[in-house]
Structure formats: C-alpha cells, structure tokens
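Student: Each chain, letter by letter, is given below.
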Amino acid sequence: MDTTFFMPPSYLDQSEAVAERFRRLRARPVVMDVRSLGKVFPTTGGQTVALHDVSFQVHRREFMCVIGASGCGKSTLVRILAGLEVPTSGSVLVDGAEVRGPGADRGMVFQGYTLFPWLTVKKNVMFGPMQRGLSESAADVEARQWLALVGLEAFADHFPVQLSGGMKQRVAIARALANNPRILLMDEPFGALDAQTRAQMQHYLLQIWKNVDVTIVFITHDLDEAIYLADRILVLKAHPGEVREMIEVPVPRPRLPSQFGGTEFGAVRSRLEELIHPKSEAMLDELPMIRLAQAGDDVE
Amino acid sequence: MRDLFAIRKELPPAWNRILGVAAFALPLLAWCVVSYVPAVWHPLVKIDKPGGVSWFSPGLLVDKPVFREESARAVAAGRARPTGEPANPIFLPAPDKVARALYTAFTTPPRLQGEQWLYQSLWESIKTIIYGFAISSAIGVPLGVLCGSYAFWSRLTEPFVDFVRYMPAPAFGALSVAVLGIYDAPKVAIIVIGTLFQQILVVSNTVRKVDPALLEAAQTLGASRRSLLLHVIVPWSLPDLYNDMRILLGWAWTYLIVAEVIGVSSGITFFINQQAKYRMFENVYAAILIIGFIGLGTDQVLGFLGRRIFPWKNPRPSRFRRFMLELFTTARTIDASPSEPSERSAA
Numbered sequence: 001m002d003t004t005f006f007m008p009p010s011y012l013d014q015s016e017a018v019a020e021r022f023r024r025l026r027a028r029p030v031v032m033d034v035r036s037l038g039k040v041f042p043t044t045g046g047q048t049v050a051l052h053d054v055s056f057q058v059h060r061r062e063f064m065c066v067i068g069a070s071g072c073g074k075s076t077l078v079r080i081l082a083g084l085e086v087p088t089s090g091s092v093l094v095d096g097a098e099v100r101g102p103g104a105d106r107g108m109v110f111q112g113y114t115l116f117p118w119l120t121v122k123k124n125v126m127f128g129p130m131q132r133g134l135s136e137s138a139a140d141v142e143a144r145q146w147l148a149l150v151g152l153e154a155f156a157d158h159f160p161v162q163l164s165g166g167m168k169q170r171v172a173i174a175r176a177l178a179n180n181p182r183i184l185l186m187d188e189p190f191g192a193l194d195a196q197t198r199a200q201m202q203h204y205l206l207q208i209w210k211n212v213d214v215t216i217v218f219i220t221h222d223l224d225e226a227i228y229l230a231d232r233i234l235v236l237k238a239h240p241g242e243v244r245e246m247i248e249v250p251v252p253r254p255r256l257p258s259q260f261g262g263t264e265f266g267a268v269r270s271r272l273e274e275l276i277h278p279k280s281e282a283m284l285d286e287l288p289m290i291r292l293a294q295a296g297d298d299v300e
Numbered sequence: 001m002r003d004l005f006a007i008r009k010e011l012p013p014a015w016n017r018i019l020g021v022a023a024f025a026l027p028l029l030a031w032c033v034v035s036y037v038p039a040v041w042h043p044l045v046k047i048d049k050p051g052g053v054s055w056f057s058p059g060l061l062v063d064k065p066v067f068r069e070e071s072a073r074a075v076a077a078g079r080a081r082p083t084g085e086p087a088n089p090i091f092l093p094a095p096d097k098v099a100r101a102l103y104t105a106f107t108t109p110p111r112l113q114g115e116q117w118l119y120q121s122l123w124e125s126i127k128t129i130i131y132g133f134a135i136s137s138a139i140g141v142p143l144g145v146l147c148g149s150y151a152f153w154s155r156l157t158e159p160f161v162d163f164v165r166y167m168p169a170p171a172f173g174a175l176s177v178a179v180l181g182i183y184d185a186p187k188v189a190i191i192v193i194g195t196l197f198q199q200i201l202v203v204s205n206t207v208r209k210v211d212p213a214l215l216e217a218a219q220t221l222g223a224s225r226r227s228l229l230l231h232v233i234v235p236w237s238l239p240d241l242y243n244d245m246r247i248l249l250g251w252a253w254t255y256l257i258v259a260e261v262i263g264v265s266s267g268i269t270f271f272i273n274q275q276a277k278y279r280m281f282e283n284v285y286a287a288i289l290i291i292g293f294i295g296l297g298t299d300q301v302l303g304f305l306g307r308r309i310f311p312w313k314n315p316r317p318s319r320f321r322r323f324m325l326e327l328f329t330t331a332r333t334i335d336a337s338p339s340e341p342s343e344r345s346a347a
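So the protein lines, in turn, are chains A and B. Position one of the first sequence corresponds to residue 1 (the working numbering), numbered consecutively onward. Position one of the second sequence corresponds to residue 1 (the working numbering), numbered consecutively onward.
Any given hint could turn out to be false.
Some chain A residues flagged as far from chain B (calculated, every beta-carbon gap over 10 Å) [as the list claims (entries may be wrong)]: (1) Leu84; (2) Leu93; (3) Glu98; (4) Gln131; (5) Asn179; (6) Asp222.
Per label pair, the in silico range of CB-to-CB distance [claimed, not checked]: (7) B:Ile135 with A:Glu98: 47 to 53 Å; (8) B:Trp153 with A:Gly45: 31 to 37 Å; (9) A:Val86 with B:Arg208: 48 to 54 Å; (10) A:Thr43 with B:Trp153: 29 to 35 Å; (11) A:Glu153 with B:Arg208: 55 to 61 Å.
Hints were generated in silico from the structure; no laboratory data involved. Just so it is clear, CB atoms sit at the ideal spot from N, CA and C, and this is done for glycine as well.
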C-alpha cells in the first residue's frame with residue numbers, strides 16, 4: 001500500500017523479534033495483579049479522587065514504567081503497591097495473595113535518600129536480611145554479594161553521608177534487592193540526580209535487572225527514561241488518576257543510548273507527548289511577548 | 001573586615017579562636033579595670049592609719065565623703081590626719097584575690113567543727129546532681145521515646161506533664177522535706193521534679209523529628225513495629241538525645257542551688273552562704289567560678305565524646321588537638337553538623 005510509505009512510523013509497529021518477546025512476556029505468570037484500584041483523599045469541603053479504577057497486571061521479570069503528568073497519582077499508586085497506603089477500593093495481589101501493608105516481598109527505592117545514616121553501607125544492605133532473621137555473618141555474606149553487584153564493595157564501611165547521590169541510590173537498590181523481593185518498586189529514584197549520573201544509573205539498573213530475577217515497577221515523569229527502561233509503559237491521566245493507555249515499547253533490547261534517536265524511540269516519544277502534554281505547543285504560542293521591545297533582535 | 005559581619009557565614013578559623021578567647025578575656029579585663037584603676041569606681045576608702053579619728057581602725061572601709069569629712073575635722077582639731085587608699089566594696093574582690101582563693105579555698109580547713117572542706121561540699125553537690133539526673137533520665141528518656149513514637153502514650157502522658165511542668169520545682173520543697181526527710185533525698189527529689197517533666201517533652205519532641213521516609217523504607221524492608229522502634233527510631237534519635245541531655249544537665253545545676261537550701265543546707269550552696277556570712281567574698285566568687293568550670297568542662301568533654309560516639313554525624317576523625325581548639329572555638333558542634341537533606345517530593 002502506497003499510503004503507509006508516507007505515514008510517520010507508529011508506536012504500534014513492532015519488529016518480529018520484539019513482537020515475539022512480548023508474546024513470551026505475556027505468557028509468563030502474573031506477579032502483581034492490580035484490580036480496579038481507587039483512592040480518595042478527604043479534603044476541606046469535599047474529597048479528591050487520586051486514583052480511579054486502575055487495573056493492570058505485571059508479568060514476571062517485566063520492567064514496567066508508570067508515567068503521567070504531575071498530580072496524576074503515580075506516587076500514590078506506588079505507595080499503595082508497597083502497602084504504605086491503603087486503597088479506598090480495589091485490591092493488589094502479589095502471587096495471588098492480597099497486599100495488606102508493607103512487606104519484604106515488595107522492595108522499594110525512594111526518590112529521597114533513605115539510607116539509614118547511622119549504619120555503614122554494608123550494614124544498610126544487611127538491614128533487610130537481618131529483619132528476616134538471618135544471622136549477622138550470613139547477612140554479611142549476602143550484603144557483600146549485593147554490594148559487588150552494584151559495584152560498591154570498596155565503600156562497604158563508609159557512612160551514607162560520605163557517598164555521592166548516585167552511589168546512595170545504588171546502595172538503596174542493593175538494600176532493596178538483598179531481601180530477594182518479588183517486585184522492586186521504584187518511585188522516581190533518579191529524580192534528584194544530575195543528567196549524567198542519571199543516564200549512568202539507568203544503564204546500571206538495566207544491567208542489574210538482567211542479572212537478577214526481579215520484576216520492576218518504575219515511576220518516572222521523564223519520557224526518555226521510561227522508553228529507555230521499560231518493556232511496557234503505563235500512562236496515567238490526571239484528575240482523576242486513571243489508566244490512559246498501556247504502551248508496549250517497540251524498541252529492541254539490549255537498549256543502548258544510541259537508540260534515543262531511532263525511529264521506534266521517536267514514535268513512542270511522540271505518542272507519549274500526545275498523551276501527556278497535548279497542549280504544550282499551543283501554549284507556547286499564547287505566551288505574551290511583553291519583554292520583546294527591551295530584548296530587541298539580540299535573541300532569535 | 002566586612003566579612004566578619006556577614007549574616008550566617010562562617011568566620012575564618014583564626015577569628016573563631018580570637019573571639020573565643022575574647023569572650024572570656026573581655027569580662028576579665030573589665031573586672032581588672034574596675035578593680036585596679038582607682039579612678040573608675042572605688043567609692044570607698046580603706047583606712048591605713050586611723051590618725052586622730054577615734055572610730056577608724058586599720059582595714060576599715062568607709063565612704064569617701066565620710067573619710068574626707070572626718071579627716072578635715074581631725075586636722076581642724078589639730079589631730080593627726082588619717083590615711084587610706086581608695087577601695088571597692090567588699091563584695092567586689094580583685095581578680096588576684098579570687099584567683100588566690102581558688103587555691104586557698106581548697107587548702108583552708110573549715111572554720112567550725114562539723115563544717116565541710118570545699119572539696120567535700122563540691123562532691124556532695126555533684127553526687128546530688130548525678131543521683132537526681134540519673135533518676136530523672138531513667139524515667140524521662142524511655143517515657144519520652146514512647147511518647148514520641150506512639151500517639152497513644154503521647155495522649156495519655158503529655159497533657160499531665162505539660163500541667164506539672166509549669167509548677168516551679170522549688171514549690172515542692174516543703175512537701176518533699178515532709179515526705180522524704182531533711183537530708184539528701186528531698187534535694188535529689190527537687191532536681192528530679194525540675195528536670196523530669198521538661199525531659200519527657202524534650203525527648204519526645206526530638207524523637208518525633210525522625211524522618212518518616214526512613215520509617216517507610218524500613219517497613220518496605222520487612223521491619224516490624226518493635227523493630228522500627230529499636231532499629232530505626234532509637235538509633236536515629238541517639239545523637240540528638242545526647243545533646244538534649246547535655247542541655248538538661250545544665251538545668252539540673254540550676255535546680256541544685258535551690259535544692260540545697262531545702263532541709264539541712266548542704267553542698268556548695270552551704271559553702272557559699274557560710275563564706276558570705278564570714279564576708280569572705282573572694283571565696284564566694286571562687287565557688288561560683290568552680291561551678292562554671294565544672295559545667296563548661298563536663299559539657300565540652302561530653303561534646304568531644306559525642307563526636308566520637310556518633311561518627312556518622314561527623315565523619316572526619318577528631319583528634320585531641322582539635323578538642324583543645326574547640327574548647328574556645330565552637331560549642332555544640334553536633335547541632336551544627338549538616339543533617340541528611342530529605343528531598344522527598346510532595347506526592
């Protein structure tokens with residue numbers, strides 16, 4: 001057909017290899033089943049609906065990103081998944097069992113630095129295993145393995161205050177993984193990092209995910225980050241927070257930074273922009289140009 | 001020079017030291033000037049030779065106008081002119097006298113039989129403080145931690161504590177003597193009453209400041225409630241609690257002076273009152289200074305130990321030399337050390 005030749009590439013187009021990978025992914029067992037989740041916050045003189053009828057399934061060893069404009073309730077969602085907040089309606093099942101409060105089967109990495117400042121890096125990683133009842137020596141062995149995985153064995157005896165932001169988050173990942181969780185929840189974990197460190201951390205995370213049997217649900221507001229990392233992207237819409245679309249990312253793996261300019265990447269990106277910032281272009285044109293007279297022609 | 005007065009900026013280290021020394025040197029200098037430069041104050045005359053004035057005797061202190069009047073009268077009557085030198089009132093002894101008293105107060109035996117040596121008085125005071133503070137802390141710290149961690153205990157305890165806190169501890173003096181007798185027990189009780197109720201509130205407020213993100217992180221790592229209390233809240237609060245204790249210990253000293261006049265007067269307060277009766281004011285000053293030295297000394301030692309005990313608050317290794325420098329440069333360094341920035345995004 002002639003017409004498709006002139007059409008821009010669609011985010012729905014998948015190469016045969018990618019389509020095959022998604023078929024395999026869908027065949028894997030469901031680790032987390034989210035069933036029509038709703039969350040209502042009481043406010044003065046009414047209530048705010050943060051989440052409304054959110055349903056999705058995460059398959060084993062899947063990397064899912066959750067994306068949406070600010071205020072769409074993505075942080076609320078991940079906090080409910082972690083068990084830190086109770087949903088108003090609906091339920092979350094992990095391996096078929098309903099979530100009732102926080103648990104070691106769902107590890108979490110927060111945006112802020114949440115390492116325990118009074119513990120050394122190694123003791124931070126040992127925290128989870130020791131809560132599980134492991135002996136100190138067994139937890140020590142375990143912690144060393146996970147520190148080696150994130151490349152920080154040399155800093156085992158440092159205190160968190162002595163580490164850079166990126167290193168702190170690597171320790172936080174190791175600490176969460178040391179519990180052998182079924183699911184690793186990540187709430188904008190690289191949001192506070194500078195662009196270069198963030199790119200590095202994304203690369204590290206994919207390496208870790210490749211080597212460890214863990215399913216990841218990753219919250220972000222960075223479109224490129226979501227496309228670079230995810231198998232599927234859950235797009236939320238704000239007010240109320242609802243599922244807008246579940247996108248299967250057609251970018252083949254292994255992911256490389258060079259793919260940022262590729263056609264599949266661009267297709268997903270423009271779709272995401274359409275879903276999340278539909279009016280951004282129009283609004284730019286509407287900006288009043290008050291300062292133009294002073295600025296003169298110096299600025300194009 | 002402008003930089004020295006920049007708002008909320010660190011001073012150059014040299015200036016830290018200079019100002020730290022000046023903080024003590026300036027009051028001392030003012031005291032020296034008042035004591036040694038007769039033109040500044042010296043409202044009295046210390047009689048050297050009584051001359052023709054019958055009621056003068058060597059060493060007597062009289063007002064300047066009285067001295068002038070009496071000597072004029074003596075000269076007019078043809079008697080010998082009295083001599084004397086300008087002097088300060090007896091309650092303001094010169095620094096050298098107080099400095100000597102700092103030593104002699106320890107070496108002079110008590111005047112009356114049954115009175116105590118200075119070191120005995122001091123030791124008694126210190127014992128009272130230690131007992132009072134230990135009893136108060138044994139109750140106040142655990143209760144404060146519970147109140148800061150559990151809303152249940154906070155609601156049950158704090159309203160009453162707030163109520164009692166406004167009652168001045170000395171008001172319980174008569175009562176505690178009636179209940180506990182006249183010796184040491186009521187004094188310890190006053191210190192406990194003065195410290196405990198503040199302590200519960202201070203401790204619970206400190207514990208309440210624990211970063212909720214750390215508690216959530218621990219929960220996602222499988223920590224139980226008991227574990228949150230023992231392995232997150234307590235270790236997180238320890239350095240701040242340690243500092244609270246340093247400040248509260250200072251309050252305990254304040255209550256000491258009140259406590260010691262209850263029942264049988266004792267300890268350093270008794271020494272001070274006795275010396276004032278004997279009009280040995282240099283000993284009074286010496287005793288007050290000794291309390292100051294003990295207080296500042298314990299605080300600095302505790303501060304130094306604190307930096308050792310909690311290395312994660314201040315990862316640089318501290319050395320003895322820095323301890324000596326910091327004696328005059330910074331107080332309460334633990335408070336000033338940067339805490340973890342909590343960059344939690346509003347959900």
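Student: When you look at the beta carbon of Asn179 (chain A), is every beta carbon of chain B farther off than 10 Å?
Tutor: violated, 6 Å
Student: A range of 31 to 37 Å was offered for this pair. Does it hold for the Cβ distance of Trp153 (chain B) and Gly45 (chain A)?
Tutor: With a Cβ separation near 33 Å, Trp153 (chain B) and Gly45 (chain A) satisfy 31 to 37 Å, so the hint holds.
Student: Range hint 48 to 54 Å: satisfied by the CB atoms of Val86 (chain A) and Arg208 (chain B)?
Tutor: Because 23 Å falls outside the window, the suggested range is violated.
Student: Is 55 to 61 Å a correct range for the gap between the Cβ atoms of Glu153 (chain A) and Arg208 (chain B)?
Tutor: violated, 37 Å
Student: Could you check the hint for me, namely that Ile135 (chain B) and Glu98 (chain A) are 47 to 53 Å apart, CB to CB?
Tutor: holds, 50 Å
Student: Looking only at beta-carbon atoms, does the pair Thr43 (chain A), Trp153 (chain B) fall within the given range of 29 to 35 Å?
Tutor: 30 Å Cβ-Cβ, so the 29 to 35 Å window holds.
Student: So Leu93 (chain A) supposedly isn't at the interface. Is its beta-carbon more than 10 Å from every beta-carbon in chain B?
Tutor: Leu93 (chain A) is indeed farther than 10 Å from all Cβ atoms of chain B, at 18 Å.
Student: Hey, does Asp222 (chain A) actually stay past 10 Å from chain B on C-beta?
Tutor: holds, 13 Å
Student: A cut-off of 10 Å on Cβ-Cβ distance, and Glu98 (chain A) was said to be off the interface with chain B. Does that hold?
Tutor: holds, 17 Å
Student: Should the label of Leu84 (chain A) as a non-interface residue stand, given a Cβ cut-off of 10 Å to chain B?
Tutor: violated, 5 Å
Student: The output says Gln131 (chain A) does not contact chain B. Does that hold with a beta carbon cutoff of 10 Å?
Tutor: With a cut-off of 10 Å, Gln131 (chain A) comes too close to chain B, as the shortest Cβ separation is near 5 Å.
Hint compliance for this structure: hints 1, 4, 5, 9, 11 are not met, and every other hint is.
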